[in-house]
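Peer 1: Top to bottom, those sequences are chains D and V. So for the first sequence, numbering that gives the first Met the number 0 puts the first residue at 0; every next one is plus one. So for the second sequence, numbering that gives the first Met the number 0 puts the first residue at 0; every next one is plus one.
Worth flagging that the hints you see were computed from the coordinates, not collected in a lab. Note that the coordinates shown come from a computational prediction; the quantities given were computed from them, not determined experimentally. Built from N, CA and C at the ideal position, the CB exists for glycine as well. Just so you know, not all the hints are guaranteed correct.
Label pairs and their calculated CB-CB ranges [unchecked claim]:
#, chain 1, residue 1, chain 2, residue 2, range
1, D, Ala-246, V, Ser-130, 25 to 33 Å
2, D, Val-19, V, Gly-123, 28 to 36 Å
3, D, Gly-353, V, Gly-133, 46 to 54 Å
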Amino acid sequence: MKALAVFRKTLRETGRDRWVVALTLAFAPCFVIIYFFAFSDTMPAYQLAVVNLDRGAAEADGTRLHAGDDIVASIAAAKRASGRPVVEVVAVDSAEDGRRRLRDHDVAALVVLPADLSASLLRLRVDPASSASAAVHLEGDLTNPKYIIAGTLAMAATDAYVSEATGRGGPLRVVETPLGASAERSDFDLAMAGLFVFAVVMLVYLASMTVAREVESGAMRRLRQSRMRALDYLVGVSAVLVLVAVAAVLLTFAAAWAFGFTSQGPVWAAIAVTAVTAMSVIGIGLMVGACTRTVAQAFVVANFPLGLLMFLTGLMFPLPPVHLVTIAGHGVGPFDLLPPTHAVVAINQICTMGVGLGDVWFELVALVVLTGGYFAAGAAVLHRRHLRGA
Amino acid sequence: MGDAMLAVTGLVKRYGALAAVDGLSFAVRPGEVFGLLGPNGAGKTTTIRMICGELRRDGGTILLHGTAVEAGRTDRVRVGLCPQEIVVWDKLTCFEQLRFLGEMYGLPGRVATARGERLLADLGLADRARSLAGTLSGGMRRRLNIALALVHDPELVVLDEPGAGLDPQSRVRVREFIRSLAQHRTVLLTTHEMDEAARVCDQVAIIDRGRLLACASPAELTGGDDVRHLARARAATPSLEDVFLSLTGRALRQ
Ligand SMILES: Nc1ncnc2c1ncn2[C@@H]1O[C@H](COP(=O)(O)OP(=O)(O)OP(=O)(O)O)[C@@H](O)[C@H]1O
Ligand SMILES: [Mg+2]
Numbered sequence: 000m001k002a003l004a005v006f007r008k009t010l011r012e013t014g015r016d017r018w019v020v021a022l023t024l025a026f027a028p029c030f031v032i033i034y035f036f037a038f039s040d041t042m043p044a045y046q047l048a049v050v051n052l053d054r055g056a057a058e059a060d061g062t063r064l065h066a067g068d069d070i071v072a073s074i075a076a077a078k079r080a081s082g083r084p085v086v087e088v089v090a091v092d093s094a095e096d097g098r099r100r101l102r103d104h105d106v107a108a109l110v111v112l113p114a115d116l117s118a119s120l121l122r123l124r125v126d127p128a129s130s131a132s133a134a135v136h137l138e139g140d141l142t143n144p145k146y147i148i149a150g151t152l153a154m155a156a157t158d159a160y161v162s163e164a165t166g167r168g169g170p171l172r173v174v175e176t177p178l179g180a181s182a183e184r185s186d187f188d189l190a191m192a193g194l195f196v197f198a199v200v201m202l203v204y205l206a207s208m209t210v211a212r213e214v215e216s217g218a219m220r221r222l223r224q225s226r227m228r229a230l231d232y233l234v235g236v237s238a239v240l241v242l243v244a245v246a247a248v249l250l251t252f253a254a255a256w257a258f259g260f261t262s263q264g265p266v267w268a269a270i271a272v273t274a275v276t277a278m279s280v281i282g283i284g285l286m287v288g289a290c291t292r293t294v295a296q297a298f299v300v301a302n303f304p305l306g307l308l309m310f311l312t313g314l315m316f317p318l319p320p321v322h323l324v325t326i327a328g329h330g331v332g333p334f335d336l337l338p339p340t341h342a343v344v345a346i347n348q349i350c351t352m353g354v355g356l357g358d359v360w361f362e363l364v365a366l367v368v369l370t371g372g373y374f375a376a377g378a379a380v381l382h383r384r385h386l387r388g389a
Numbered sequence: 000m001g002d003a004m005l006a007v008t009g010l011v012k013r014y015g016a017l018a019a020v021d022g023l024s025f026a027v028r029p030g031e032v033f034g035l036l037g038p039n040g041a042g043k044t045t046t047i048r049m050i051c052g053e054l055r056r057d058g059g060t061i062l063l064h065g066t067a068v069e070a071g072r073t074d075r076v077r078v079g080l081c082p083q084e085i086v087v088w089d090k091l092t093c094f095e096q097l098r099f100l101g102e103m104y105g106l107p108g109r110v111a112t113a114r115g116e117r118l119l120a121d122l123g124l125a126d127r128a129r130s131l132a133g134t135l136s137g138g139m140r141r142r143l144n145i146a147l148a149l150v151h152d153p154e155l156v157v158l159d160e161p162g163a164g165l166d167p168q169s170r171v172r173v174r175e176f177i178r179s180l181a182q183h184r185t186v187l188l189t190t191h192e193m194d195e196a197a198r199v200c201d202q203v204a205i206i207d208r209g210r211l212l213a214c215a216s217p218a219e220l221t222g223g224d225d226v227r228h229l230a231r232a233r234a235a236t237p238s239l240e241d242v243f244l245s246l247t248g249r250a251l252r253q
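Next comes chain V alone, as it looks inside the complex:
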């Protein structure tokens, strides 16, 4: 774990009697795209919010490059968060808000401008750079949501369901974009889309009810001993979705 970009150990978050995150441990290596997979309510967003220093934890440790993350004291500048909900400024144009957020991160105006334009181009929003965010389609807003997480060029990019509500074209574009991010940065993302996870992630962790069920590369998960019975039953290599459902879902067990 010494070389991990992010190391999470025994993480706990309780809401009253509910343990939303229950002793979760995993590590993300630099330059990796790490997928956090789990059904609704598994604790993905809660985990991410603790990693970003937004939420206080009830137990465990989070090390970012070997430095402990405390609520409110993260080296936030090194982490870029794309929240699950779309958070954009409806009354600002795409370009204006990227530039504004860049300035809030302390970037000089020139740098913020250049980076904003780059991100809009990378995410296929260059044509709409001068449109108010409130006038964009849902998928465009989602891409702008991702761009906003990246204006300050963070080392660790945290994307909470970046692919939700995207059409196939956008999904391919975003997938390629995430892969390109991993050339210089580390990416932690959550998703329900197993197909997507299998294509984009180097490592995936499947969690449910706040606990880790499996953590490996998609290939290891679909080809491992644990799922050999699945392969036998279907007479084919199981997909990541098969593995996921076998680990978390009742449907396959019945």
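So here's chain D without its partners, still in its complex pose:
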């Protein structure tokens, strides 16, 4: 009953705070639009700089072999299982020029084809027992994950050409199979999973400020005099915040869909996961609000959990797994205490792999448990700091 009174009151106050609500709702959809214009037509593609120094060599019948040109053409023509080009080849004049582009992240890897490439290949073709060998140089920034991928793909294409050109045939044939629907995903699609979670992570601010405002104005003192219980207050306030969260999530999905986002799995499942995530984020926000005395303080303090939620959960960029124990076949580590970790995994599974809600039960359970934990902690802090006698 009292929770209902708090709900109605908070709904009125929040509804009258139009600017704050509008900004909270518009945040993620704005990012959808920015992402659309920045990434919509790029697939995960890798730029490869190639310096072709190959001088060519004359074959027995007098024709000239230009193995360097052939390799460049075959790398450029190589297609992945999705039918997309393996890499985009950028011809550069010198290794120095290539390195400059590497440093500027214009290209992911640099391949230098040596002057004696064609000559070596010809010798091998004539005499398979020959020890002829040409050094193909591969350079790149080892801290750039795109380097590993572009380099590997380029070398595989080169290998395939050499096997064919020398008539040896490769001992191995690699068949690529994309996981789920990953082949069809654009950079834009991939960014969306993070954005859906981002839409609700921002609620940390709104949640913490809602509580802090009540403390700062002294209204919490009045409520304490009425013997309000922390739980009534938190339930009433968070019910309003959940409404805002669901609106934010729906708007973000609608914006993504309008700009061409497609999900392999059921969208409602992704929305459900996001809604549960919102509850846990609200729990964290309420906890922050209960720890502070002023709105300004809440704003500054909220940045800390926000940073953790954004950067240690795979929301902004993938993180290496840190697992301490295994639960139900799932590795669990410290970052699993942050709800978005599970949300990002679950939404990726649904949108990219096309699974249903039943297949992400572990993440859902984790989210529900975390939500309960953060709410209980928030209620305890609120009670201790503001509702109990001083």
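Add chain V with the ligands to chain D, keeping to what the hints say.
Peer 2: Below, chain V with the ligands without anything else, positioned relative to chain D:
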């Protein structure tokens, strides 16, 4: 003291080396308007906060209807506090916040509604019932602040400087309102306005530096033996302000 609504004995509150309240004792009888008078920093608000169970005390006892008040365990429902600062919900209308607070005190919606409307009418805010508190003038906000202390119909009404920042019209209205409260309830208020205290209070306690200097009715204070010298000096009956300054202030002593 047996029949006291509120009995405070040897109350102490320390902030480090400072004794904000230093062995204060007084008693408030039912149906009385009791004024706590003192200069800035005398310890009035601190005393009130301990009475309302908001602040832990370092010594002494507080009995409310014979029952001890512990920090955080007051029978808060029987006490209504109007804080010195204006504490209202700016984004709620006057009526909405009275109703909301009433519901938080466990009143049924109908009762909360009726009581909210009554209080707004009594305090001259009926015209602004549907205005957001954030759009009210300072004096109106102060009256709303008082109304919020009363939604749950407490037996003891505690008003910390209810008259601050009010125009003469509002002051008369609030004074009459406080007098009308005392018909069914007990009122404890603080003020700096001696004139106001003399008009509205049945009993006043003058305190300074956390200690009680005098406790009596305004008439007793202004006509008592202690202040006869004041009367002689001014060739007139001293006002409560004269008494107050003679007890607390340096100005008259110089
Ligand atoms: N939280 C606190 N920490 C330290 N000192 C405090 C605190 N609260 C009050 N004091 C001190 O206690 C003394 C009494 O303060 P109090 O607010 O009770 O005075 P007051 O009589 O209400 O004054 P005013 O008329 O100005 O409202 C003052 O010296 C004040 O500085
Ligand atoms: Mg005060």
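Peer 1: Could one say that the CB atoms of D:Gly-353 and V:Gly-133 fall in the range 46 to 54 Å?
Peer 2: holds, 51 Å
Peer 1: Mind checking the hinted window 25 to 33 Å against the Cβ distance between D:Ala-246 and V:Ser-130?
Peer 2: Because 28 Å falls inside the window, the suggested range holds.
Peer 1: Taking 28 to 36 Å as the hint, is the beta-carbon distance of D:Val-19 and V:Gly-123 inside that range?
Peer 2: Given range 28 to 36 Å: holds, Cβ gap about 33 Å.
Every hint, counting from the list given before, is met by this structure.
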